[in-house]
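Colleague: Under this note's numbering, think of the first position of the sequence shown as 1, with each following residue one higher.
For the record, the hints were derived by calculation from the structure and aren't laboratory data.
Each hint should be verified, as a subset may be incorrect.
Unchecked claim - Computed beta-carbon distance windows for the label pairs:
(1) K202 - Q303: 14 to 22 Å
(2) Q303 - H57: 36 to 44 Å
(3) P39 - P235: 32 to 40 Å
(4) A78 - K148: 19 to 27 Å
(5) G10 - P136: 37 to 45 Å
(6) E51 - T104: 21 to 29 Å
(7) I233 - Y12: 23 to 31 Å
(8) G91 - D50: 22 to 30 Å
(9) H169 - A89: 41 to 49 Å
(10) D82 - D237: 34 to 42 Å
(11) Y12 - S292: 13 to 21 Å
(12) K148 - S54: 31 to 39 Å
Stated by the list, open to error - No more than 25 Å apart at the CA atoms, straight line, and that leaves these computed lysine to any residue pairs for SDA-like:
(13) K107 - A29
(14) K128 - E180
(15) K95 - Q287
Using N, Cα and C, we set each Cβ at its ideal position, and we do this for glycine too.
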Amino acid sequence: MSNRRGASVGDYQAPLFLAWQLTNRCQAACLTCCEESGPDKTWPDELTADEAVSFAHKVVEAGIPYVAFGGGEPLAVAHFWDIAKIFSAGGVELKLETNGLPITEEKADFLKEIDVQCVQISVDGATKETFHKVRPGGDYDGVIASIKRLVKRGIHPEYVFVPNRLNMHEAGLAYDHAVELGCRTFVTGPMMRLGRAAQAWKTLGIAESEWGIVENALGAHEAKHRKAVKLSIYPWDILTEMKKRLAEPQAMLLVVPNGKAKLLNALPFAPADIREHSITEAWALYQEAWKSDEVKNFINQCQTRPELLLHANETWPTGKWAKEITL
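Use the sequences and the hints to build the structure in full.
Modeller: See below:
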């Protein structure tokens with residue numbers, strides 16, 4: 001192992017990156033959603049506005065430089081905007097993963113004012129028909145209008161496309177669409193076998209050979225447009241990522257809507273709770289959990305029993321708070 005500072009998570013006194021899910025509620029109920037979010041999917045024990053704002057101040061005090069908000073839909077949470085002001089004033093850079101629908105003219109002005117670093121908007125189809133098949137409850141016209149509002153202000157979003165059986169034929173056209181809209185990046189990769197996507201894997205999942213066809217189509221369209229939009233392809237499926245993270249955990253914390261701090265969105269283990277632990281304590285518990293046999297064994301079992309991924313959105317205790325779990 002390298003002795004160079006920064007070579008492992010243990011070199012840092014606090015995470016470099018916080019992934020924060022403010023809520024599990026979303027206007028849409030997308031078929032490939034990793035979190036099983038939806039209009040009626042708010043968790044009963046989600047952090048209150050006061051708890052979330054208090055935690056935001058602690059993030060600034062801990063010197064965490066970068067926060068990515070995911071969901072559910074973060075921009076539909078009323079206190080998100082207060083938290084964004086706290087982070088902006090505290091020098092914390094922000095990334096937003098959103099369905100795009102809450103971005104009005106006023107909110108687009110606000111995002112420009114706080115100098116948001118990245119806005120990732122899920123589109124998942126080059127046509128309205130495909131969009132609505134993959135993203136029930138979504139609003140194609142509303143999403144495209146939001147992208148245009150951001151581009152008008154010099155905020156060039158990332159266009160997210162999750163390939164599956166319903167949209168893979170439109171991958172190249174979706175890249176063209178991202179170019180037309182003025183996006184900066186086209187983000188894609190193998191569909192993650194998590195949440196609602198895991199439940200529909202037999203009907204939505206595509207074979208590795210089919211994913212290769214999608215990759216080739218995207219490469220051809222990128223070349224046609226002379227790389228006008230960066231093509232960003234996530235290199236791993238979720239089973240590979242779990243093994244990679246076991247060997248080299250990220251210097252990050254994932255905080256889910258009820259304040260539990262998890263290891264990874266694919267893993268059900270939640271070794272800390274921000275209602276009970278300081279960020280320093282949560283960070284130590286995170287590192288300890290990655291070294292545990294129960295986490296290692298779960299990841300190894302998933303390689304041959306991918307149905308275990310159906311537990312991904314649960315929050316199991318680990319370490320000295322562990323309970324016996326029968327896999």
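Colleague: If a hint holds in the structure, say so; if it does not, say that too.
Modeller: Now for the hints, and whether the structure bears them out:
Distance hint check: the CB atoms of K202 and Q303 are about 19 Å apart, consistent with the given range 14 to 22 Å. Under the hint 36 to 44 Å, the C-beta atoms of Q303 and H57, about 41 Å apart, fit the expected range. Against the hinted window of 32 to 40 Å, the Cβ-Cβ separation of P39 and P235 comes to about 33 Å, which satisfies the hint. For A78 paired with K148, a C-beta distance near 25 Å keeps the hint of 19 to 27 Å intact.
At about 44 Å, the CB distance of G10 to P136 agrees with the hint of 37 to 45 Å. A beta carbon spacing of about 27 Å between E51 and T104 agrees with the range 21 to 29 Å that was offered as a hint. A hinted range of 23 to 31 Å for the beta carbons of I233 and Y12 is consistent with their spacing of about 28 Å. Take G91 and D50: their Cβ atoms lie about 23 Å apart, and the range 22 to 30 Å holds.
Between H169 and A89 the beta carbons are some 46 Å apart, a value that agrees with the proposed interval 41 to 49 Å. A C-beta distance of roughly 37 Å is found between D82 and D237, which places it inside the suggested range of 34 to 42 Å. In this structure, Y12 and S292 meet the distance hint of 13 to 21 Å, their C-beta atoms being roughly 20 Å apart. Between K148 and S54 the C-beta distance comes to about 36 Å, which sits within the given range of 31 to 39 Å.
The suggested pairing of K107 with A29 holds, with an alpha-carbon distance near 23 Å, which does not exceed 25 Å. Distance check on the hinted pair: K128 and E180 sit about 15 Å apart at the alpha-carbon level, within 25 Å; holds. For the hint pairing K95 with Q287, the CA-to-CA distance comes to about 24 Å; that is within 25 Å, so the pair holds.
Violated hints for the displayed structure: none, as all numbered hints are satisfied.
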